[in-house]
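Engineer: Start from the sequences, fold in the hints, and give me the full structure.
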Amino acid sequence: MSSMGKLNKHQARMAYLFVTPTMLLFIAFTIIPVVMALYLSFTNYDVVSRMEFVKFDNYKKMLDDDLYWTTFKNVFFYAVIFVPLNIIISLLLAMLLNFKRFGIKLFRTMNYLPTLTSSVAAATVWIWLLHPEFGLVNNLLGYVGITGPAWLAQTETAMLSIIMVTLWQSVGSNMVIYIAGLQGVPDYLYESAKLDGATAFNRFRYITWPQLRPTTFLVSTMAIIGALQMFDQAFVLTQGGPGNVTKTPVYLIYNQGFNQLKMGYASAQAFVLAVAILIFSFINMRINKSEEPIV
Amino acid sequence: MVQPVVKSVAVRAPKPPSYALKKVLATVLFYVVTVAIAVAMFLPFFWSLITSFKPSNEIFSVPIKWIPSTLTLEHYKSAFTTVPFAGYFANSFILASAGVLCNLFFGSISGYAFAKLNFKLNKPMFRILLAAMMIPGIVTMIPSFYVLKHFPLIGGNDLLGAGGNGFLNSFWGIILPGASGSFAVFFMRQFFLTLPSDMMEMARIEGAGEFRIFWNIYLPLTKPALATLSIFTFQGGWNNFLWPMIILNDPAKATIQMGLQAFSFNHQTDFGPMMAGALIAILPILVLFLLLQKYFVQGIAFTGTKG
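Residue numbers (my numbering), protein chains in the order written: chain A, 1 to 295; chain B, 1 to 307.
Treat the hints with care, as some may be off.
Said to hold, decoys possible - Below are the DSS-like pairs computed for lysine-lysine, each with C-alpha atoms no more than 27 Å apart in a straight line:
1. B/294 <-> A/100
2. B/22 <-> A/105
3. B/294 <-> A/105
4. A/289 <-> B/123
5. B/23 <-> A/194
6. B/77 <-> B/65
7. A/100 <-> B/22
8. B/23 <-> A/100
9. A/6 <-> B/123
10. B/120 <-> A/9
11. A/105 <-> B/223
12. B/223 <-> A/6
13. A/9 <-> B/123
Keep in mind that the hints were calculated from the coordinates and are not lab data.
Structural biologist: In structure tokens form, the structure reads like this:
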């Protein structure tokens, strides 16, 4: 009995040893930073001078900071269009490419390829594609008699361009997730529904969509978290312009924190953004759960 | 020639002929739609590839030239000579590979402990790791910078973390925060859970140590999972942009994404070299994908079903 206890103790000791590196890194780069994030947002930390506690000054300043709320508005506009389109397009692609037909693997691969690109490389390529005069997009539009806009330079189309580029880059992986989800839907549900005379739309509405709810929850959560922290594309495609219409909160936080070294203020901005992200993830969770259960 | 076919259809198919027609139409429609989508998704690759091999004067032509009259490598040459792309490439490769090695080792050893070993804090620790995956990265951005800068006894810092620059401007500043990602731990744990525990008991009776059981018996069984994890970690490290830009100030240490961004910002009309650079930045991941496609798909399907 006592030797058994010894063995278990030895096992436990080894187990702690095994998880130590991971837990130390986790404490240093997740736990400490999360606690510090709140603390820093109440200071005037700027790397060079002495850090002082300034209470709610950063938050008060933020209330009057028009640019900050503009970036919020921009990123909400982006997310409100990007997230639903992302889900709809990747689900449609998945349903289309879930058929067993000749060449289906090739089509899936073609749709997946853009997700392999880095955001910087994709944005670089799209700068050229969206060139107002010599770009491929406007030349293709020209074939059907449409004069394309100066996509990235006009306030009306700049954010739409970013939406287009990020959709191109992200629907592929969500499509694969949805295909995996679709293949998990048991066939007998469809068969019995067909026997009952359900139309294709009803089969989607009452079988596919509810069965895919965990998948949709995952895809939408990741899309919301990613969309509200959009930075790379705005930084490379438009540098936040024209006239700040594509400036996002992360862009602003990066600028404030690392170019102007107002890290205390930037921390406060980051904290508010993170709270907003958590709130929206939470709302998304409620929406996904509240739908009546299947059967 | 046509006659027998029609006959056989008529004999074999009890369904009305409109059904067969519908089926053909559906197939045609299916291929029209899928091909159109695939072409649209692929067009940016095609166009950047074509542009990167076109002579300069044909890049700016109206109407656009689909096929270049001659192929040239000048844009690749100028991309590599105007900025040190080869160096950026090497830096990114080192960073991404180091990230892969760290995540494979730390992720699998702690994933193994969480899946297979009994210890009091097993569940609580794992739950905290999992819950932390919900924290948006933006919250930890500035404090992580602070932690790296004020890391005790590193980069000229004293015991209290003052005086020097810590891990700033060093590759460690990028490798360490991502060295044991929660995703890697979670992913490996799920895989170890599927393996039977009786091998462990057997090995213990034979007198093998805990590390040897992990290293020699269980780890070799996780090769597919390790392959998938390597691919995702490598892709993440290679495509990472914002964090390296924050940590690395020295141009000699810049990554390929930083180099590409700076290039496209400074040479806004040099579309030939820009496309060459972008393609070089995409190439390693593309090669990895073509070689190990199976693992890619498995990995994403895994996140989809387990998440």
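Engineer: Tell me the numbers of any earlier hints that the structure contravenes, in ascending order.
Structural biologist: Of the numbered hints given earlier, the structure breaks just one, which is hint 12.
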